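Novice: Residue numbers (our numbering), protein chains in the order written: chain X, 1 to 318; chain W, 1 to 206.
In case anyone wonders, no lab produced these hints; they're calculated from the structure. Fair warning: this is a prediction, and the values are worked out from it, not measured in the lab. Using N, Cα and C, we set each Cβ at its ideal position, and we do this for glycine too. Do not rely on the hints blindly, as some may be mistaken.
What the hints assert, rightly or not - Quick look at which bits of chain X chain W covers, simulated, 3 or more residues with Cβ under 8 Å:
(1) 192-202
(2) 277-287
Said to hold, decoys possible - So the derived label-pair ranges between C-beta atoms look like this:
(3) W:K18 x X:G46: 36 to 42 Å
(4) X:L140 x W:R46: 57 to 63 Å
(5) W:R46 x X:A70: 43 to 49 Å
(6) X:P284 x W:G146: 53 to 59 Å
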Amino acid sequence: MTLLEVVARAVAALAAFLVLPLVVGQAEHKVMAHMQGRLGPMYAGGFHGWAQLVADGVKFVQKEDLVPAAADRWVFRLAPAVALVPYLVALAALPVHPGVAALEVPGSVLLVLAATSVGALGTLMAGWSSGNKYSLIGGLRAAAQLVSYELPLVLAVASVALAGGSLSLATLAERWSPWWLLWQLPGALVFLLAGVAELQRPPFDMPVADAELVMGAWTEYTGLRFAFFLLAEYAGIVVVSLLFAVLWLGGWHGPLPDALGWLWTLGKGLLVALAVIWVRVSWPRLREDQLQRLAWLWLLPLALAQVVLTAAGVVAGW
Amino acid sequence: MVSARDRRGRGGLPGVLKGLAATARTAVRPSHTAEYPDVAPTLPPRSRGVIALLEENCTSCMLCARECPDWCIYIDSHKETLPAATPGGRERQRNVLDRFAIDFSLCMYCGICVEVCPFDALFWSPQFEYAETDIRDLLHEKDRLGGWMATVPPPPALDERAAEPGEVAAANRPARGTGLVGGGGTRPPRTVRPRVVRDPPPQEPS
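Okay, chain X solo, but in the shape it has when bound (with noise of 0.2 Å):
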């Protein structure tokens, strides 16, 4: 690999990084707008708002960016970088298209989630440095919520790649057969819902549960180190919905020529992130034991049927 190609690969994956989390906001914005009888931004760049998350940033650019005088400092300052950089990490080394992901590992699999728990870290980092109970309260709840979730999140992805016999994303997307929506599905379900907590996104919010704890983690972030952190919940729907449409729904197979692969890895993952804001709009926030309930006795379980049932599958050479 020469270094042309190493710094074409680096600049495409930033350049999706700082694309598609911003599509995945806006669509937020206009999706659940609509979804509550308004019409969301409409100013912004003249067409529908289409700039809105533009004119965010630059707001966010031009705001002080405090530290707290109780803040342990350096902590403060690194925690939006060990949100964001993991995500960037895990997108990388999504493919899109047969033999197309910026980051090719033969265990993909692995680095993708090791790198989006690392992402919660941040959470937790955050929460302890600010000097601030509400902070400790949101740090912690997230703490507790990255460990109830990961399991389920883990076995799911788990019992896919057993059913591909690979841990290599590229590779699982190319096994995968229509019969697996049905095979599935149980760890489909299990890893949308554990995946949108592991977002801390509504319903499963209690970190940043803003009548309770302020914004949790984030309530002493001004500027563009805030901004860092928002962005790292929208790149982390990006990569939770790319994986989801990897993983579950088959990557790049659709009807349409295989050139145009790469779209239909998109497009499903658009329709998986439509999902997750869907749920947002739609459910209210779960309290901090229901969700520890419904990870711990449904979720874990089902998961573990899941592994059960297609580890048969396997062995039965389904």
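Here the structure of chain X is known, so what remains is to put chain W in place on it, guided by the hints.
Specialist: Frame of chain X, contents of chain W only:
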């Protein structure tokens, strides 16, 4: 413990699915947002936006200023003497309106002044876009109040089967005895005045 019956919404669907259906249904319907500065709002008839002054009708009678609950109408006037129209006639006096101002920072849009004006000099206009950055600019003087007249809509049509307006009823009322044969058919006076019996000019005793 919540019973299974309570956990389900009506219609047999669990609440979570009903929630999804509700948001999806709303999403495909037109939104309720009023795009106000771009699209003019549809105001109900008789909207109270601003009070317009038809200066020609004002007699400076001060009724509006006296009835105003928060005293936001300012009227200055003076008397002018008009020379006699015909030689040997009587000079007449009339009120000249010097200042008529409404302070819309005090006005509570009750409409009593419009109601009380006996000469139809005040009107409601639906125009409401006269916000100011300085509260003192909300004091609208005579010329500005007169400018609002252009925005006064014609009175809305009467409701079906409503009583006919007072003027029409008065015009259609059969004339009361005027002393003329056949009732005369002329329009009776609108106000009741003591009947003045005009006798023929008294004959000078000769």
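Novice: Identify every previously stated hint that the structure contradicts and give their numbers, smallest first.
Specialist: 1, 5
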